[in-house]
Amino acid sequence: MSQPTLSDAQKAILGKFSGYETHHEITQQYEDTPYKKVTTEPPAKDLWNNNIIWEFAKGLSPGMDLTKIPFPVCITQARSFLQNFTDYFEHWNLISKAANEDDPYKRMKLVTQWYLSGFAHAMKVVRKPYNPILGEVFRCMWQNENTGSKTHYIAEQVSHHPPISSFYVTNREDGWVGYGTVTFSVSFYGVSAWAYLNGNHKIKLLKYDEEYTWCFPPTKASGFFVGPFIMEMGGVVTIKNNKNDYWANLDFKTSSMFSSANLYKVEGKIMQKDTIVDTLQGQYFEKIFIGKEIFLDAKVPPETPTRYEVPEDKLWGKESQYVWKDLTAAVVKGDGQDASDKKWEVEEWQRLERQENERKQVVFKPRFFEKVNDTEYHYIYANEAPFSKGEEESFEMAGMIMSRRKK
2 MSQPTLSDAQ KAILGKFSGY ETHHEITQQY EDTPYKKVTT EPPAKDLWNN NIIWEFAKGL
62 SPGMDLTKIP FPVCITQARS FLQNFTDYFE HWNLISKAAN EDDPYKRMKL VTQWYLSGFA
122 HAMKVVRKPY NPILGEVFRC MWQNENTGSK THYIAEQVSH HPPISSFYVT NREDGWVGYG
182 TVTFSVSFYG VSAWAYLNGN HKIKLLKYDE EYTWCFPPTK ASGFFVGPFI MEMGGVVTIK
242 NNKNDYWANL DFKTSSMFSS ANLYKVEGKI MQKDTIVDTL QGQYFEKIFI GKEIFLDAKV
302 PPETPTRYEV PEDKLWGKES QYVWKDLTAA VVKGDGQDAS DKKWEVEEWQ RLERQENERK
362 QVVFKPRFFE KVNDTEYHYI YANEAPFSKG EEESFEMAGM IMSRRKK
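For what it's worth, my numbering labels the leading residue of the sequence shown as 2, then goes sequentially.
Calculated from the structure, these hints are not laboratory results. One or more hints might be untrue.
What the hints assert, rightly or not - Restricting the straight-line Cα-Cα distance to at most 20 Å, the calculated cross-link-like pairs of lysine-lysine (PhoX-like) are:
| no. | residue 1 | residue 2 |
| --- | --- | --- |
| 1 | 107 | 244 |
| 2 | 241 | 208 |
| 3 | 37 | 315 |
| 4 | 315 | 107 |
| 5 | 221 | 59 |
| 6 | 69 | 59 |
| 7 | 244 | 98 |
| 8 | 244 | 205 |
| 9 | 274 | 107 |
| 10 | 343 | 69 |
| 11 | 288 | 270 |
| 12 | 205 | 107 |
| 13 | 208 | 107 |
| 14 | 270 | 107 |
| 15 | 241 | 274 |
| 16 | 98 | 69 |
| 17 | 274 | 244 |
| 18 | 241 | 270 |
| 19 | 241 | 98 |
What the hints assert, rightly or not - Just the calculated beta-carbon pair ranges, DEER-fashion:
| no. | residue 1 | residue 2 | range |
| --- | --- | --- | --- |
| 20 | 300 | 386 | 33 to 43 Å |
| 21 | 37 | 64 | 39 to 49 Å |
| 22 | 365 | 274 | 42 to 52 Å |
Using N, Cα and C, we set each Cβ at its ideal position, and we do this for glycine too.
Using the sequences and the hints given, assemble the complete structure.
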């Protein structure tokens with residue numbers, strides 16, 4: 002295949018995104034990632050535009066698969082899905098407590114509490130995150146300032162069609178690891194759209210060699226034609242344990258066109274075999290109760306460890322913050338036209354890169370995850386062994402999460 006002729010605009014786009022390194026070049030950066038404490042960003046201005054939403058929704062038909070349809074920028078939030086996914090791990094200290102709790106019932110209760118704690122955090126911004134580009138990577142780290150323990154997170158977009166994201170999160174210091182692969186799909190059903198984050202994910206408590214398998218309920222978005230625009234969870238989720246008889250069943254309710262009584266409502270049971278041990282109910286944006294006891298209060302969330310991200314001058318070319326920095330800046334400013342232009346630039350970059358790879362017959366291979374089957378990828382540097390006496394400190398270097406003796 003001959004070399005295509007590029008326009009000046011296309012050449013400018015390729016030059017702009019030329020910071021992409023190969024996996025070999027990345028792994029030569031043998032130094033600890035110098036994480037920087039995350040400070041509160043100014044809130045993005047709302048770009049919601051009823052006319053644009055109306056025109057977009059009119060072009061949809063019931064049953065349509067929306068994964069290949071570009072959404073208008075006025076629906077988006079100012080970050081990638083790979084970043085958005087970390088919201089569910091903001092309260093990982095609950096997993097750390099479970100990893101060192103000898104009572105199996107209390108372990109299940111803590112894992113369930115952690116699972117529910119993520120929804121209030123993740124749903125604060127009622128907008129769609131950016132679709133990650135193929136090969137996009139996001140890294141971050143949290144540190145518990147009281148204990149010094151670190152939780153490392155890395156995620157990569159391992160497939161574009163269909164959209165598949167893989168993640169690995171670990172705190173072996175506290176005794177746990179987590180991992181999973183998310184296959185994303187969106188369908189339109191006339192008055193609402195449903196997003197499906199398919200895949201079974203796992204939290205492993207190393208001390209007990211115990212796995213908790215969980216998934217996400219579908220997300221319902223409504224209000225395209227008649228506001229307000231609402232995003233809520235809906236469906237039944239089971240949290241399973243591979244070593245004992247405890248499990249949890251959670252039923253996320255949804256509102257209807259005529260009633261908001263079930264908005265953000267969840268009901269559930271913690272079970273031992275077929276016996277109900279506890280029942281819970283409430284709203285994940287407000288309070289969830291077990292009996293009369295407050296199980297989770299979204300207004301007074303569990304302690305949140307300090308979060309750190311990679312500083313801008315240390316980012317790789319396909320890290321989320323690098324890929325989307327100009328679009329994010331436009332969204333934060335509230336400049337809808339500039340945001341649309343910057344979104345097009347990223348999409349055009351991807352099209353040109355795909356075209357070049359096809360010309361050179363280059364087959365994409367993820368940097369940090371290897372394929373197990375069509376719906377499952379594993380982190381290539383995964384370590385599920387309990388911390389030994391010789392391991393005193395975890396760190397991340399060039400995407401490789403490892404441990405060493407404390408200096």
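Original post:
Holds or violated: are the alpha carbons of residue 37 and residue 315 at most 20 Å from each other?
Top reply: Holds, at roughly 10 Å.
Original post:
Taking 20 Å as the top limit, are the C-alpha atoms of residue 288 and residue 270 close enough?
Top reply: 16 Å, holds
**OP:** Measure nothing beyond the straight line between the CA atoms of residue 244 and residue 98; if it is 20 Å or shorter, mark the hint as holding.
**Re:** 18 Å, holds
Original post:
Would the pair residue 107 and residue 244 pass a check requiring their Cα atoms to be no farther apart than 20 Å?
Top reply: Satisfied, since the Cα-Cα distance of roughly 14 Å is no more than 20 Å.
**OP:** For the pair supplied as a hint, residue 221 and residue 59, confirm whether the alpha-carbon distance does not exceed 20 Å.
**Re:** Holds: residue 221 and residue 59 sit about 18 Å apart, inside 20 Å.
Original post:
Between residue 365 and residue 274, does the beta-carbon spacing fit 42 to 52 Å?
Top reply: 45 Å, holds
Original post:
Taking 20 Å as the top limit, are the C-alpha atoms of residue 244 and residue 205 close enough?
Top reply: 11 Å, holds
Original post:
Within 20 Å, alpha carbon to alpha carbon, are residue 69 and residue 59?
Top reply: Cα-Cα ~17 Å, so holds.
Original post:
Given the proposed pairing of residue 274 with residue 107, does the C-alpha separation stay at or below 20 Å?
Top reply: Distance ~15 Å between residue 274 and residue 107 Cα, so the pair holds.
Original post:
Going straight from one Cα to the other, do residue 208 and residue 107 come out at no more than 20 Å?
Top reply: Distance ~15 Å between residue 208 and residue 107 Cα, so the pair holds.
Subject >> Satisfaction of hint between residue 69 and residue 343, Cα-Cα up to 20 Å >> reply: Since the Cα atoms of residue 343 and residue 69 sit roughly 19 Å apart, the hinted pair holds (cutoff 20 Å).
Original post:
For the pair residue 37 and residue 64, does the Cβ-Cβ distance stay inside 39 to 49 Å?
Top reply: 45 Å, holds
The structure is inconsistent with the numbered hints 4, 16, although it conforms to all the rest.
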